[in-house]
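A.B. asks: Below are the chains, spelled out letter by letter.
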Amino acid sequence: GESVGLHLPTLSVQEGDNSIINCAYSNSASDYFIWYKQESGKGPQFIIDIRSNMDKRQGQRVTVLLNKTVKHLSLQIAATQPGDSAVYFCAENQGYSTLTFGKGTMLLVSP
Amino acid sequence: DTEVTQTPKHLVMGMTNKKSLKCEQHMGHRAMYWYKQKAKKPPELMFVYSYEKLSINESVPSRFSPECPNSSLLNLHLHALQPEDSALYLCASSQVGTVRETQYFGPGTRLLVL
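Protein chains in written order, with the numbering used here: chain A, 1 to 111; chain B, 112 to 225.
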């Protein structure tokens with residue numbers, strides 16, 4: 001069936017490095033994607049979204065890239081900080097309220 | 112303001128108890144959701160309310176009973192739960208619920224069933 005998944009379950013980086021979290025999706029009809037950050041004991045927090053008519057979208061220290069050719073999504077975090085340590089989920093909105101989450105990547109930032 | 116609030120933060124209940132989880136948002140959103148999240152897993156959709164009407168029930172057991180008293184409130188009534196129902200229960204809301212849009216999540220209620 002169709003699914004949204006991640007390549008790396010855990011990513012360890014040093015403070016100040018740039019982080020890249022990847023996500024693969026299999027539903028070529030998907031046209032809206034969201035990245036969420038979930039810290040321990042908290043609910044998912046919206047980070048950034050992108051629609052399929054875009055290849056790139058930038059926020060504050062974060063950039064999402066969408067490659068529709070290979071059905072790949074990535075989240076780039078610039079100058080990673082210890083406060084960025086969390087689990088990051090990509091999610092695909094399949095329309096009419098259905099949000100399908102990927103498996104998640106844990107980002108660990110060392111000072 | 113993109114805040115969704117949930118109470119209680121933690122709940123411990125026995126298998127014969129009846130309890131309720133509450134969720135509230137004041138963003139004017141007309142769609143509200145319940146998700147269940149097990150440890151180290153992504154959230155799984157349980158129910159969707161759109162304009163105070165139940166629009167999606169993802170084959171959730173009847174021991175979970177949702178209620179949407181008005182556009183700002185969402186409840187989840189719990190009865191005769193099993194230990195495997197222990198999880199983080201997340202509430203979310205979005206503007207309309209019928210188009211591709213961002214969902215905003217609350218902090219969750221961590222439920223332990225003994």
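Watch out, some of these pointers could steer you wrong.
[What the hints assert, rightly or not] Restricting the straight-line Cα-Cα distance to at most 25 Å, the calculated cross-link-like pairs of lysine-lysine (BS3-like) are:
1) A:Lys37 to B:Lys130
2) A:Lys103 to B:Lys152
3) A:Lys103 to B:Lys151
4) A:Lys37 to B:Lys164
What the hints contain is simulated information worked out from the structure, not anything from laboratory work.
Since this is a predicted model, take the numbers as computed values, not measurements.
A.B. asks: Now tell me, hint by hint, if it's right for this structure.
C.D. replies: Going through the hints against the structure:
1. Distance check on the hinted pair: Lys37 of chain A and Lys130 of chain B sit about 29 Å apart at the alpha-carbon level, beyond 25 Å; violated.
2. Among the hinted pairs, Lys103 of chain A with Lys152 of chain B is consistent with the structure: their alpha-carbon atoms are about 6 Å apart, no more than 25 Å.
3. Proximity of Lys103 of chain A to Lys151 of chain B is assessed by CA-CA distance (about 9 Å); at most 25 Å being required, the pair is judged to hold.
4. At most 25 Å may separate the alpha-carbon atoms for a hinted pair to count; Lys37 of chain A and Lys164 of chain B exceed this at roughly 29 Å.
In this structure, the hints that do not hold are numbers 1 and 4, in rising order.
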